[in-house]
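Asker: Here is how the chains run, residue by residue.
Number of protein chains: 2
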Amino acid sequence: MPELYDVAAIGNAIVDVIAPATDAWLDEHGLTKGAMMLVDPGQSAALYSKMAAGVEASGGSAANTIAGLASFGGRGAFMGKVADDKLGEVFAHDMRAIGARFENAPLVGGPATAVSMINVTPDGQRTMCTFLGASVEFTDTDVEADIVEASKIVYLEGYLFDAEAARRAFAKAAALAHGAGRQIALTLSDSFVVERHRGGLLGFIESQVDLLFANEAELLALFQTEDFDEACEALRTRCDLAAVTRSDKGSVILSKGERLTVKAEPVEKVVDTTGAGDQYAAGFMFGLSRGRPLHQCGQFASLAAAEVISHYGPRPLVPLKDLAASKGY
Amino acid sequence: MPELYDVAAIGNAIVDVIAPATDAWLDEHGLTKGAMMLVDPGQSAALYSKMAAGVEASGGSAANTIAGLASFGGRGAFMGKVADDKLGEVFAHDMRAIGARFENAPLVGGPATAVSMINVTPDGQRTMCTFLGASVEFTDTDVEADIVEASKIVYLEGYLFDAEAARRAFAKAAALAHGAGRQIALTLSDSFVVERHRGGLLGFIESQVDLLFANEAELLALFQTEDFDEACEALRTRCDLAAVTRSDKGSVILSKGERLTVKAEPVEKVVDTTGAGDQYAAGFMFGLSRGRPLHQCGQFASLAAAEVISHYGPRPLVPLKDLAASKGY
Numbered sequence: 469m470p471e472l473y474d475v476a477a478i479g480n481a482i483v484d485v486i487a488p489a490t491d492a493w494l495d496e497h498g499l500t501k502g503a504m505m506l507v508d509p510g511q512s513a514a515l516y517s518k519m520a521a522g523v524e525a526s527g528g529s530a531a532n533t534i535a536g537l538a539s540f541g542g543r544g545a546f547m548g549k550v551a552d553d554k555l556g557e558v559f560a561h562d563m564r565a566i567g568a569r570f571e572n573a574p575l576v577g578g579p580a581t582a583v584s585m586i587n588v589t590p591d592g593q594r595t596m597c598t599f600l601g602a603s604v605e606f607t608d609t610d611v612e613a614d615i616v617e618a619s620k621i622v623y624l625e626g627y628l629f630d631a632e633a634a635r636r637a638f639a640k641a642a643a644l645a646h647g648a649g650r651q652i653a654l655t656l657s658d659s660f661v662v663e664r665h666r667g668g669l670l671g672f673i674e675s676q677v678d679l680l681f682a683n684e685a686e687l688l689a690l691f692q693t694e695d696f697d698e699a700c701e702a703l704r705t706r707c708d709l710a711a712v713t714r715s716d717k718g719s720v721i722l723s724k725g726e727r728l729t730v731k732a733e734p735v736e737k738v739v740d741t742t743g744a745g746d747q748y749a750a751g752f753m754f755g756l757s758r759g760r761p762l763h764q765c766g767q768f769a770s771l772a773a774a775e776v777i778s779h780y781g782p783r784p785l786v787p788l789k790d791l792a793a794s795k796g797y
Numbered sequence: 469m470p471e472l473y474d475v476a477a478i479g480n481a482i483v484d485v486i487a488p489a490t491d492a493w494l495d496e497h498g499l500t501k502g503a504m505m506l507v508d509p510g511q512s513a514a515l516y517s518k519m520a521a522g523v524e525a526s527g528g529s530a531a532n533t534i535a536g537l538a539s540f541g542g543r544g545a546f547m548g549k550v551a552d553d554k555l556g557e558v559f560a561h562d563m564r565a566i567g568a569r570f571e572n573a574p575l576v577g578g579p580a581t582a583v584s585m586i587n588v589t590p591d592g593q594r595t596m597c598t599f600l601g602a603s604v605e606f607t608d609t610d611v612e613a614d615i616v617e618a619s620k621i622v623y624l625e626g627y628l629f630d631a632e633a634a635r636r637a638f639a640k641a642a643a644l645a646h647g648a649g650r651q652i653a654l655t656l657s658d659s660f661v662v663e664r665h666r667g668g669l670l671g672f673i674e675s676q677v678d679l680l681f682a683n684e685a686e687l688l689a690l691f692q693t694e695d696f697d698e699a700c701e702a703l704r705t706r707c708d709l710a711a712v713t714r715s716d717k718g719s720v721i722l723s724k725g726e727r728l729t730v731k732a733e734p735v736e737k738v739v740d741t742t743g744a745g746d747q748y749a750a751g752f753m754f755g756l757s758r759g760r761p762l763h764q765c766g767q768f769a770s771l772a773a774a775e776v777i778s779h780y781g782p783r784p785l786v787p788l789k790d791l792a793a794s795k796g797y
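First to last, the sequence lines map onto chains A and B.
Residue numbering for the first sequence follows this note's numbering, starting at 469 and increasing by one per position.
Residue numbering for the second sequence follows this note's numbering, starting at 469 and increasing by one per position.
Do not rely on the hints blindly, as some may be mistaken.
A pair holds if it fits inside one copy or across any two, identical chains being indistinguishable in the list.
Simulated pairs of lysine to any residue, SDA-like, Cα-Cα distance not exceeding 25 Å [stated by the list, open to error]:
id: 1; residue 1: K620; residue 2: I721
id: 2; residue 1: K518; residue 2: F570
id: 3; residue 1: K717; residue 2: H646
id: 4; residue 1: K717; residue 2: Q764
id: 5; residue 1: K789; residue 2: L494
id: 6; residue 1: K737; residue 2: S794
id: 7; residue 1: K795; residue 2: P488
id: 8; residue 1: K501; residue 2: E663
id: 9; residue 1: K640; residue 2: R666
Since the hints were derived computationally from the structure, they do not count as laboratory data.
Here chain A stands alone, though its shape is the one from the complex (with noise of 0.2 Å):
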């Protein structure tokens, strides 16, 4: 088989709204700040209507890290599920445009396409609340096998979790890159994620994963520890590869042999942090597909993160590879 894409990624394909949002605000209607609340379409509209004015942009983590991919000049693919209504085809769109491959065809007479309310407080933090819509209706018959199997990495979104046909899709894409050699690529996705399916993850780590995405909170909610360097310690032992985003304090990574702090890209003013983490996985697969040596992925990845989180909205606004040669990476 031969390799036509970097990554493949496997998530839910969501439209966010963002807007801007006080703490008190945020208080007020019982959200806890910078975590992911999942909401019925009651609890969605009731919310909306007392939301600010905001804008609408494709997003969903998994496929912010494939845009993020293709705007550094990689081949992704993405596998997920939309409905066939106006934010569905806005998803759809906005994937090819970028270069990427969507074809899983959307979902018709079910519920709409899934859309995330972000709020971003002054402070940059982003507060979601996620209506999965047609998201949740992806299953294992959307694996696209030939894909799965000509993709060097395929990159799973953790929020999927919560959904138990999308675990069993999860086992089969990590059978299907396994037996084609691939690599399994995993992100923790969310700490609240983490702690409802911490033995399914824990286990679905040790047993397919080869690299592995958390950021701080992520990690310790998965070894139930509050200590940094034990939870690095035990993640190590059971995966090959693991980068472990501290916002402003970097990341680290983590091989077997060797354990790597990569510093944070200065950023002038943090306007909303929602993608970050997409962005950094975006551009450490990036860098990992083109075979450069680790601290290069990580700065890849700082890079795109910095980008991110300097302007409201999920996905880089500037060409990622430009601003990779503009720093001389």
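Based on the hints, put chain B in the right spot on chain A.
Answerer: Below, chain B alone, put in the same frame as chain A:
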């Protein structure tokens, strides 16, 4: 009748799809830079498939003006037609979320909510292809008489001159407004609109318009001249007050007694000129409704225009009230 609103506007209810484009791309697709072109559903779909990945934001010229007015702390109302679909919901949400009144019932069983595909070139110029959808179904029965009669200024969007039903709605609004001692303002919107409806527009301006907004190209098209000063004099005899915008050359305010020149507010980098004229009108009418002298109305106008062209999207991202306060206006 008490004054409930500073400005009530009638315009197309449109959601913008904004994406970057090159000059070569515009040429390739036969688009005239800086203009607004109407497209049918087929052309709309074909063009969208060629556009870059974008973001969606509530737009519509007069609706943007009401958003700007609200951002200054003014009281605004909007009348226009959306469909009962997701983008119609987004448009209505954004209008109400900024504190403006918008109560026209969505269209059921007709065309979708209007969408404008806005391609922004590196020089910040926007080129628009608009599918009017539900917005052209606005008729005189949608004019809310009590709102018109309770607003200091009734602001009409020139784009609506393309639809006969909307021209009837304008006539109704003008009669109601003048009957209640209110003022009618009109924006010429686009030089191609002026070319299409020169006679009708001149007649409407002479008989009904108290305050006219135009840019230089629209003014020259209206009087079929290339002499700016001649066009200004021709305009001055036809309406009590007018403001003519000239991009970075600032603007000219024409009243029976005087001709004022207002400087453009300096902008570090022009990112996207979408909404510049709309925000100019917002600032000007905010000043006017608060009884400010004309040169101060022009300062509010220039400030609002400068804010909106310094970022992507047609509406202010920071409260114009705070911006004005920081300037001591």
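Asker: State the violated hints by number, sorted upward, taking the hints as numbered earlier in the document.
Answerer: 3
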